[in-house]
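Engineer: Once you know that position 100 of the sequence shown is 179 in this note's numbering, the rest is easy, because the numbers rise by one and skip nothing.
There may be inaccurate statements among the hints.
Unchecked claim - Pairwise CB distance ranges (calculated):
1. A223 <-> P261: 34 to 42 angstroms
2. G310 <-> D237: 19 to 27 angstroms
3. T269 <-> D237: 33 to 41 angstroms
4. R210 <-> G271: 22 to 30 angstroms
5. R210 <-> D164: 35 to 43 angstroms
6. T101 <-> A213: 43 to 51 angstroms
7. Q160 <-> S99: 24 to 32 angstroms
8. P243 <-> E268: 35 to 43 angstroms
9. A98 <-> P261: 17 to 25 angstroms
Think of the hints as simulated: they come from the structure by calculation, not from any bench. Here a beta-carbon is modelled for each residue, glycine too, at the ideal position from N, C-alpha and C.
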Amino acid sequence: MPFFDGVSGPVYYRHWDAASPTAAVVFLHGFGEHTGVYHRFGAALNQADIDLWALDEIGHGLTGGQRGEIESIDALVSNGQRLTDLAAQAGLPLVIAGHSLGAVAATITTLRHPDRYRAAVLTGATLSMPRWFADLEGAGDAFALDLDDLSGDPFYRDSLENDPLAFTEADIVDVLRRALPPAWAEIDETIGHLRIPVLALNGSEDAVAPVADVAAVAARSAQIRTLVFEGMKHDILNETAHREVAAAITAFVRSAAG
80 MPFFDGVSGP VYYRHWDAAS PTAAVVFLHG FGEHTGVYHR FGAALNQADI
130 DLWALDEIGH GLTGGQRGEI ESIDALVSNG QRLTDLAAQA GLPLVIAGHS
180 LGAVAATITT LRHPDRYRAA VLTGATLSMP RWFADLEGAG DAFALDLDDL
230 SGDPFYRDSL ENDPLAFTEA DIVDVLRRAL PPAWAEIDET IGHLRIPVLA
280 LNGSEDAVAP VADVAAVAAR SAQIRTLVFE GMKHDILNET AHREVAAAIT
330 AFVRSAAG
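Please work from the sequences and hints to get the whole structure.
Structural biologist: Right under this line is the structure:
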């Protein structure tokens, strides 16, 4: 199986390779997921002549670590850079992408390493501290996501419920309190310095990354374009509108790649 040496041990990754690729997307998934739940996204990109590279985050999937414990945003960014090193060997135009927690890491990556990428794609991105984060003060150790807040797609919901590598709850409240506020502070301080185009996609019913929160951050940079899908929830790449979402992303990536 494909692994590379990450900041804290071996990191599992997948490469969906198109027959005649014209660009490559480097993707960072969200909390509780792993690369295996993104095969439909990989197929859609491949059909548009785009490669997809994705890794299992620390504490997720086949990558080692305590269940759900990501260590830090810096660790996710560093592992994303190592995956980018692999994707860059083909010499294709690169786009960084991320979902939810992965979108926070992708945003930090975009701000720190803009010269490596033509563009960035963010889905379900919590780019600033949401109101629900304050409720974690009384949540004990367990952080949990409600399945009904994530997706209405039955195939994906079945994966989250029955896939042994997927989960919606882990004892990581302290980790999130430690990792996320510094990331949000960095985004707040530097978002106006974005140098590459960014497409931010959300569902109108996203309770994890509310549309209004994303729009408020996007308004501070001319580089960010937002796209909202009506009636969709948080895991928009695995929602019932996943085909339309993938089509919007492929069009953006192909345009950015020239």
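Engineer: Are the hints correct? Go through all of them and say.
Structural biologist: Each hint, compared with the structure:
1. Distance hint for A223 and P261: a CB-CB separation of about 23 angstroms, inconsistent with the stated range 34 to 42 angstroms.
2. For the pair G310 and D237, the supplied restraint of 19 to 27 angstroms holds, since their beta-carbon distance comes to about 20 angstroms.
3. Roughly 39 angstroms separates the CB atoms of T269 and D237, a value that falls within the hinted 33 to 41 angstroms.
4. A hinted range of 22 to 30 angstroms holds for the C-beta pair R210 and G271, which are about 24 angstroms apart.
5. Take R210 and D164: their Cβ atoms lie about 38 angstroms apart, and the range 35 to 43 angstroms holds.
6. Checked against the given bound of 43 to 51 angstroms, the beta carbons of T101 and A213, roughly 44 angstroms apart, stay inside it.
7. Checked against the hint of 24 to 32 angstroms, the C-beta distance between Q160 and S99 comes to roughly 27 angstroms, which is consistent with it.
8. As the Cβ distance of P243 to E268 is approximately 40 angstroms, the hint placing it in 35 to 43 angstroms holds.
9. Judged by the Cβ atoms, the range 17 to 25 angstroms given for A98 and P261 is violated: they are separated by roughly 42 angstroms.
In this structure, the hints that do not hold are numbers 1 and 9, in rising order.
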